[in-house]
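S.K.: Listed below, chain by chain, are the residues.
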Amino acid sequence: MPKEDKVNVDAEGRVQCFDEFGFAIFEKDFEPENPRCHDYSYSISINHEHSAKEVGAWKRLLTNWDTLDQRFHTKLQRLMRNGVPKHFRCTLWKNLLGSESLEKSSHFSYKANLVAIREQMVDLGISEYGAEGNALQALSEALKTNNELKHSGHVDVNHIRQILLDLDRTYPTHNLYMGNGGPAREGKASLFRVLSLYARYNPTIGYCQGMSYIAGMLLMHMEEKDAFWCFAALIERQKYLQGYFDDKLSRIQRHAAVFEKLMKQRFPQLSEHIENHGLQPLMFVTPWFMCLFTNLTCWDTVLAIWDLILVDGVTTIFQVGLAIMKVAESRLLATDSLIKLLPQMLHLSNEIVQYDTLLPAIWETHIEKWEIHSLQAVIQEEKQLKERQSMKRRHKTDQEYSSPVVAKRAKHNSESVPTRNGSVLSKLTNMFVSTNETAETGGSTDQSKSLAHMRVAYHRHRNSPRKNITRRRSPRSLGAGSALRSPGLAKQLESNRKNVSPCEVANENSFQGDLSFSFATPVRRSPRIARLHGLLRDINTPSEKRLVSSKASVQHSFKMFHTPTPLRKSQRSPVQSNSTASPSFASPELELRPMQKLQ
Amino acid sequence: MGDNRQPLDSIDATYKILILGDSGVGKTCTICRFCDQKFHECYVTSIGLDCKQRVIDLDGSNVRLRVWDTAGQERFRTLTQSYYRGAMGIILMYDITNLVTFNHITKWIESIENMAPPDTCTVLVGNKCDKYLCRAVDEERGKKLAENFGLDFFEASCKSNINVDQVFQHIATKIKDIKDKRAKRFQRTASNVSLTHWSMESGSHETKVFKCSC
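Protein chains in written order, with UniProt numbering: chain A, 1 to 599; chain B, 1 to 214.
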C-alpha cells in the first residue's frame, strides 16, 4: 500500500500569524490536526462596528446590573442579537455567572490555596511551569513512592497528572496556549493554576477532561482569579453545568437521553436515520456538551453560543444542539454509514457552524425549561417501568414454574390470561373484552377465571402507589402532588369544559366506551360482574373534574399539548397575543396555567 | 477519513477494534497514524469517543478495520464501556515512558474481562518506543505482563512509525483466525443439529417432548 509519510512535528514554526481571536493561521501546506476556521462570517472587530447607541446601552446595562429588574432579560437578548462588544464580554460573563457573589460567600481563599498548591508542587518536585515530560515523570515517581501526600487538603496526584497532560492538548493552536514560548508558558501555567485550584476547591469533582477547555476559554477573556470564580460558578451552579463532570458523568448521560427524545420529536426522520446506522446521540453529544461547543471550528460562533449559554443556562445547550441538527439535517440524511456520520458530527464542517448559518437557527429553535425537566421525568419513569417489568417477569416466571395450576392454565391458550406487559388499565379493558367473548361463546369456567383475575388486578391497582386513574367525586382524596387538581383549577376546568384537550377527552371516551360496551353485553347480568361494576364505579365515573394521571409521560404529553411550541404553529399566534409570560412548569409536578383557547 | 482507495463493494469483512489505555498514551495518535498515515505533534484531548477506519489486505481479502478511539480518563469509562459490546479486537496501550500508565493495565484488563465479549482478541502495546532515553518500563516487563494475561505484546512508536501497521495487521489476523474457528465449529454443530433433527423427526412422540424441553 502506498504510504505518504507526513510528519507534522514543528507546528509552532509553521505559524504565519494569529487571527483576531488568537488562533494560529498556518502556512498553506501545513495541516494541523483540528484546523480552525479563520473565515469569520461575523466578527465584531472587523465586519461590525457597534453603534454608539448600542455601546451606551451595554454600558448602562452592565453598570446597573445589580439594580436591574425582570425586563433586563429581554433587553439583553435584544442587544445580544448584534453580538456582545469584545470589551464588555468579561464583565457580562462575570455578572451573568455571579462569580463575585460566589467569591464573597465562599470561605475559599484564592491566594492562600494557591500557596498551598505551590507547596504541594514543591513536595512533588514539579512546578506549575513544568508541563514537560520530566514533570510527568517526577509525578509518576511520586505516585509510586509515597501515598502520604494524599492527606487532607492536598489535590489528588492523579488529577494533577491529568491536568498536566491536558495542558498541551487544550486549544493547541491558540496564541495563549501554543508551544512553549513566553506567553504560552504563562498561559498554560495559569490554566494549570485554575484547574488545580478547582480540584482543591471541590475535591469530589477534582478534574475531568473537558474542563480544561472551559477554563481555557474563560482565561482568554479575564484575569486568572476572576476566571477561577467564573469557572467554579459555571461548574457548580445548577443552572449551568452542575453534575456534568462528576464521578459517573451521570448528568451528561441523562441529558444525552433527553436530547435523543427531543430529536425524536423535532426531527423524526433524522433521528430514525441516525438510529438505523447505530449512531447514538451520546457519542456526539458528549464532546459538544462537555466542552460547551468549544470544539466548533468558527470561534465567533463559539463566543456567541457562550453568551447565550451564560444567559439561559443548560436549556441553551440543547437549543444549540438541536440547531446544529437542523442545519446539518440534509447532509446527515445524505450520509449513509456510521463511519461517515460520526466524524461528521464530531468535527462539524465550517459551513454548518458558520455564524450566519448557525446563529439564526439557534434563535429559531425554542426549548422550554420544563420540557427538559419533564422529558427527564419521562426517561426516569421509563427506566423504572422497565426495571419493574423485568422484575415482575422474573417473579412471574419463577411462579409459573413453581405452581402447577398456572402451568396447567398456560397450556390452555393465553386468551384468559391478560397480557403481562400492558398497564393495569389495558388489562382491565382486555379482561372485559375477553369476558364478553367467552360469555358469548358460553365458556363459563373461563369467565370465572378471568373474573378472578380482574379482581386481583383491581386490588393490585388499588394498592399500587402509582394511581393511574384517580377517583373522582372525592376531591379530598385527590393527590396533593398535582397542582392540576387544585380546586381553583378544577373550577376553571369546569368553566372551560369546551377547551379541554381533545386528546384527553378522546382517551376518556375510549375508556368509557370500552366499559359501557362491556357492561351492555350479557355479562352485565351476571351478579358477580354487577358487584364489580359497583367497585369500579367510583374510579371510573365521569365527572367535571378533569384529571391527568401522575405518570410522567402522560403529564409530558399533556403539557406539550397545552403549550404553544414551534411544533404547533397553529397555536402560536393567538397564544402570544393572549399571554406574554411563558409557561413555567416545575417538574415533575404539574403547574398548569389557565388553558389557552386552542382555536 | 480512512483509506478509500478500494471500492467499497469488494470488502469481505468489517472488524471492530477498540483502543484502550490511560489518558495521554497516544491512542488518538495511533489511530491517526494508522488510518490517515499522518502524525501530528499537537492533539486535542479526546472526549467521549471517535471512530476511523481503514481497509487492509489480509491474505488476499479486503478487511475493513473500524477503529474506535476512546477517552482515557477513568471517569469516562462509564461512557465508553457500553461500546465494548461487539468489539472483536482490543488494543490495550500504555506509555513506556510513564510507569503509571503501565501499572493501570491490570485495571484495564479487568474491565475488559467484565465488559467485552469473551472471545475478544487483545493486544498489549507499549507506545512511544522512540523515546528510549526516557524509558520507564522495560520491554521485558511488558512482555511478562502480556504473558501472564495471555496477550500478545508489541512495542510501537507513532512518531517514528514503528510497528503501528504490524499491530493492526496482527490483530486482524487473529480476529480472522478466531472467526474461522468459530465458523468451523458452527458448521460442525450445525450439521450435528440437522442430523439429530432429522432422526427426531422420524419418531413422532419423542420429538414433541424434545421440542418442549427446548
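Since the hints were made in silico from the structure, they are not lab data. Just to be clear, a hint being listed does not mean it is correct.
[Said to hold, decoys possible] Within a straight-line C-alpha distance of at most 25 Å, the following computed PhoX-like cross-link-like pairs (lysine-lysine) qualify:
no.	chain 1	residue 1	chain 2	residue 2
1	A	Lys28	B	Lys159
2	B	Lys107	A	Lys248
3	A	Lys551	A	Lys264
4	A	Lys28	B	Lys107
5	B	Lys176	B	Lys143
6	B	Lys143	B	Lys107
7	B	Lys38	B	Lys131
8	A	Lys104	A	Lys248
9	B	Lys131	A	Lys340
10	A	Lys104	A	Lys59
11	A	Lys396	A	Lys386
12	B	Lys107	B	Lys144
[Claimed, not checked] A few chain B residues that don't get close to chain A, going by computed Cβ distances all over 10 Å:
no.	residue
13	Asp50
14	Glu113
15	Met115
16	Ala116
17	Thr173
Because the structure is a prediction, the values reported are computed rather than measured. For each residue, glycine too, the CB sits at the ideal point set by N, CA and C.
S.K.: Next step is simple, just say for each hint if it's right about the structure.
M.R.: Here is how each hint holds up against the structure:
1. Our distance criterion of 25 Å between C-alpha atoms is met by Lys28 (chain A) and Lys159 (chain B), whose separation comes to about 23 Å.
2. A threshold of 25 Å between alpha carbons decides the hint, and for Lys107 (chain B) with Lys248 (chain A) the separation of about 17 Å falls inside it, so the pair holds.
3. Distance hint between Lys551 (chain A) and Lys264 (chain A) is fulfilled; the C-alpha atoms sit about 20 Å from each other, no more than 25 Å.
4. Restraint check for Lys28 (chain A) and Lys107 (chain B): the C-alpha separation of about 44 Å exceeds 25 Å, so the hint is violated.
5. Of the pairs offered as hints, the one joining Lys176 (chain B) and Lys143 (chain B) holds, with about 24 Å between alpha carbons and a cut-off of 25 Å not exceeded.
6. Straight-line distance between C-alpha atoms of Lys143 (chain B) and Lys107 (chain B) comes to about 17 Å, which keeps the hinted pair within the 25 Å bound.
7. Distance hint between Lys38 (chain B) and Lys131 (chain B) is fulfilled; the C-alpha atoms sit about 19 Å from each other, no more than 25 Å.
8. Note on Lys104 (chain A) and Lys248 (chain A): the hinted pairing is violated, with a Cα-Cα distance of about 30 Å set against a maximum of 25 Å.
9. Simply put, Lys131 (chain B) and Lys340 (chain A) have alpha-carbon atoms about 34 Å apart, too far for the 25 Å limit, and the pair is violated.
10. With a C-alpha separation of about 24 Å, the suggested pairing of Lys104 (chain A) with Lys59 (chain A) holds against the 25 Å cut-off.
11. With a CA separation close to 15 Å, the supplied pair Lys396 (chain A) and Lys386 (chain A) stays within the 25 Å bound.
12. Taken as a hint, the Lys107 (chain B) and Lys144 (chain B) pair is honoured in the structure, with Cα atoms around 16 Å apart against an allowance of 25 Å.
13. The beta carbon of Asp50 (chain B) sits about 6 Å from the closest Cβ of chain A, which is not more than 10 Å, so the claim that it is off the interface is violated.
14. A cut-off of 10 Å between C-beta atoms confirms that Glu113 (chain B) is not in contact with chain A; the least separation is 21 Å.
15. At the 10 Å boundary, the C-beta of Met115 (chain B) stays outside the reach of chain A, the nearest C-beta of that chain being 15 Å off.
16. Every CB of chain A is more than 10 Å from the CB of Ala116 (chain B) (nearest about 18 Å), matching its label as outside the interface.
17. Separation of Thr173 (chain B) from chain A is adequate, the least Cβ-Cβ distance of about 16 Å exceeding the 10 Å criterion.
Of the numbered hints stated above, those contradicted by the structure are hints 4, 8, 9, 13, listed in ascending order.
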